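There are 2 protein chains.
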Amino acid sequence: MLSSLPKLPMGHLFVLSGPAGGGKTTLVDRLTKEFPYVKKNVSYTTRPIRPGEVQGVDYHFVSKDVFLEMVKRDDFLETVSLFGHLYGTSKKAILGELEKGFHLILVIDVEGAHKVRELLGAPLIFVSPPSLETLKKRLSGRGSEKGKSMDQRLQRAVFEMEQGENHYDYLFVNDELEVAYEIFKSILVAELHKRTPWIETNTDL
Amino acid sequence: MLSSLPKLPMGHLFVLSGPAGGGKTTLVDRLTKEFPYVKKNVSYTTRPIRPGEVQGVDYHFVSKDVFLEMVKRDDFLETVSLFGHLYGTSKKAILGELEKGFHLILVIDVEGAHKVRELLGAPLIFVSPPSLETLKKRLSGRGSEKGKSMDQRLQRAVFEMEQGENHYDYLFVNDELEVAYEIFKSILVAELHKRTPWIETNTDL
Numbered sequence: 524m525l526s527s528l529p530k531l532p533m534g535h536l537f538v539l540s541g542p543a544g545g546g547k548t549t550l551v552d553r554l555t556k557e558f559p560y561v562k563k564n565v566s567y568t569t570r571p572i573r574p575g576e577v578q579g580v581d582y583h584f585v586s587k588d589v590f591l592e593m594v595k596r597d598d599f600l601e602t603v604s605l606f607g608h609l610y611g612t613s614k615k616a617i618l619g620e621l622e623k624g625f626h627l628i629l630v631i632d633v634e635g636a637h638k639v640r641e642l643l644g645a646p647l648i649f650v651s652p653p654s655l656e657t658l659k660k661r662l663s664g665r666g667s668e669k670g671k672s673m674d675q676r677l678q679r680a681v682f683e684m685e686q687g688e689n690h691y692d693y694l695f696v697n698d699e700l701e702v703a704y705e706i707f708k709s710i711l712v713a714e715l716h717k718r719t720p721w722i723e724t725n726t727d728l
Numbered sequence: 524m525l526s527s528l529p530k531l532p533m534g535h536l537f538v539l540s541g542p543a544g545g546g547k548t549t550l551v552d553r554l555t556k557e558f559p560y561v562k563k564n565v566s567y568t569t570r571p572i573r574p575g576e577v578q579g580v581d582y583h584f585v586s587k588d589v590f591l592e593m594v595k596r597d598d599f600l601e602t603v604s605l606f607g608h609l610y611g612t613s614k615k616a617i618l619g620e621l622e623k624g625f626h627l628i629l630v631i632d633v634e635g636a637h638k639v640r641e642l643l644g645a646p647l648i649f650v651s652p653p654s655l656e657t658l659k660k661r662l663s664g665r666g667s668e669k670g671k672s673m674d675q676r677l678q679r680a681v682f683e684m685e686q687g688e689n690h691y692d693y694l695f696v697n698d699e700l701e702v703a704y705e706i707f708k709s710i711l712v713a714e715l716h717k718r719t720p721w722i723e724t725n726t727d728l
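Line order of the protein sequences matches chains A and B. The number in our numbering is simply the position in the first sequence, starting from 1, with 523 added. The number in our numbering is simply the position in the second sequence, starting from 1, with 523 added.
The shape of chain A in the complex, shown without the other chains (with noise of 0.2 Å):
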């Protein structure tokens, strides 16, 4: 089946970041269910369960001990400490699906992000809500952040807003929904017709 965005022999990784609240898992969500083969990468974090996420679907949820067995072990591309909680991306999962030919959305944060683009030249596309305004009253409606968190957490979207403004590759914002998912899927589709994939694959096309 012809595609825009088409599967190849060997996948390709992409990096998502953004504030919290800022729409990165729909536009994922999305994106996945359209193209069978284009998965989310599953991060390793510490950070508790919350109502609603599914263990090995919105992360693998483990104890501190077993992320820190992982780190030893040097099964971490990039590992990153946010809000007290450990949170990291395997280098095996991810290999194993690019071997596969899936293509692989990493949803991390900015600082691993740098760090996923130097060792795999992954890159970089960054989303942003409209207005802090909205980003604060998106993270209200998800009622899990409060008072002191709430300002922890507004502080480091701005952190990271100027870290996109200044750092990746590609930038949007998510206002309207429609028009943030077809701006993310040509980023794909774009970076998938770059000329040196196109050759890889010319022979199956």
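Please keep in mind that the hints were generated in silico from the structure rather than gathered at the bench. Since the model is a prediction, treat every value here as computed from it, not as a measurement. A few of these clues could be false.
Identical copies look the same in the list; a pair holds intra-copy or inter-copy alike.
Stated by the list, open to error - Listed next, the in silico BS3-like pairs over lysine-lysine satisfying Cα-Cα at most 25 Å (straight line):
1. Lys615 with Lys638
2. Lys556 with Lys659
3. Lys660 with Lys623
4. Lys615 with Lys660
5. Lys530 with Lys659
6. Lys587 with Lys530
7. Lys660 with Lys587
8. Lys717 with Lys563
9. Lys556 with Lys530
Let chain A serve as the given structure and place chain B on it in line with the hints.
Showing chain B alone in chain A's frame:
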């Protein structure tokens, strides 16, 4: 109005190349119809007008004398001689449209394309027919290319495809028009969300 293909204060330039009969005109016509602030740049040429072509729309058809006068005045960004006819891209026309905020597609030959990237940093997009056989069929359908001229055009197509595969930024195959159009549009959408243009225009988002 929000759009995945944003109008920016200063337009952006894109180069589209590919063998004659590969579908360039169809793709660009559709894009300019969907987005009124995207225009096809109209080149100058000394080749005779074909049935169905419109003066000032398909090309500015001019005499060899007028063309050479323009060359003398340094009016052209690039010129190329092809099958005995001259083709040229007017500097003034391009800069005028970009300053008005129109995004411009330059449908030009592979040789002119390199010059435009060098001078103005425009991304180079290459569209191929699915095979030389298909190209042959499409060219025959036009009725204007026969015998020796057809051989020349096929030879030229092979040269152009080699150039595209080795030097262009983006490549895609026009097999199914719907898919090809989505890829073409995606490349523009993605390019307009690269870091620099986004920051320039962040204030009106």
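Hints and how they fare:
Taking the shortest alpha-carbon separations for Lys615 and Lys638, only the intra-copy value of 16 Å comes in at or below 25 Å, while the best inter-copy value is 44 Å. Proximity of Lys556 to Lys659 under the C-alpha cut-off of 25 Å is found in neither arrangement, the shortest distances being 28 Å within a copy and 39 Å between copies. Taking the shortest alpha-carbon separations for Lys660 and Lys623, neither the intra-copy value of 40 Å nor the inter-copy value of 37 Å comes in at or below 25 Å. Proximity of Lys615 and Lys660 under a CA criterion of 25 Å is satisfied in neither setting, with 37 Å inside one chain copy and 48 Å between copies.
Proximity of Lys530 to Lys659 under the C-alpha cut-off of 25 Å is found in neither arrangement, the shortest distances being 38 Å within a copy and 28 Å between copies. In this homomeric assembly, Lys587 and Lys530 never come within 25 Å of each other (Cα to Cα): the closest approach is 37 Å inside a single copy and 49 Å across copies. Taking the closest pair of Cα atoms, Lys660 and Lys587 never come within 25 Å of each other, the shortest separation being 31 Å inside a single copy and 65 Å across copies. For the homomeric pair Lys717 and Lys563, the shortest alpha-carbon distances inside one copy (22 Å) and between copies (22 Å) are both at most 25 Å.
Within a single copy, Lys556 and Lys530 get their C-alpha atoms as close as 15 Å, which meets the 25 Å cut-off; across copies the closest is 30 Å, which misses it.
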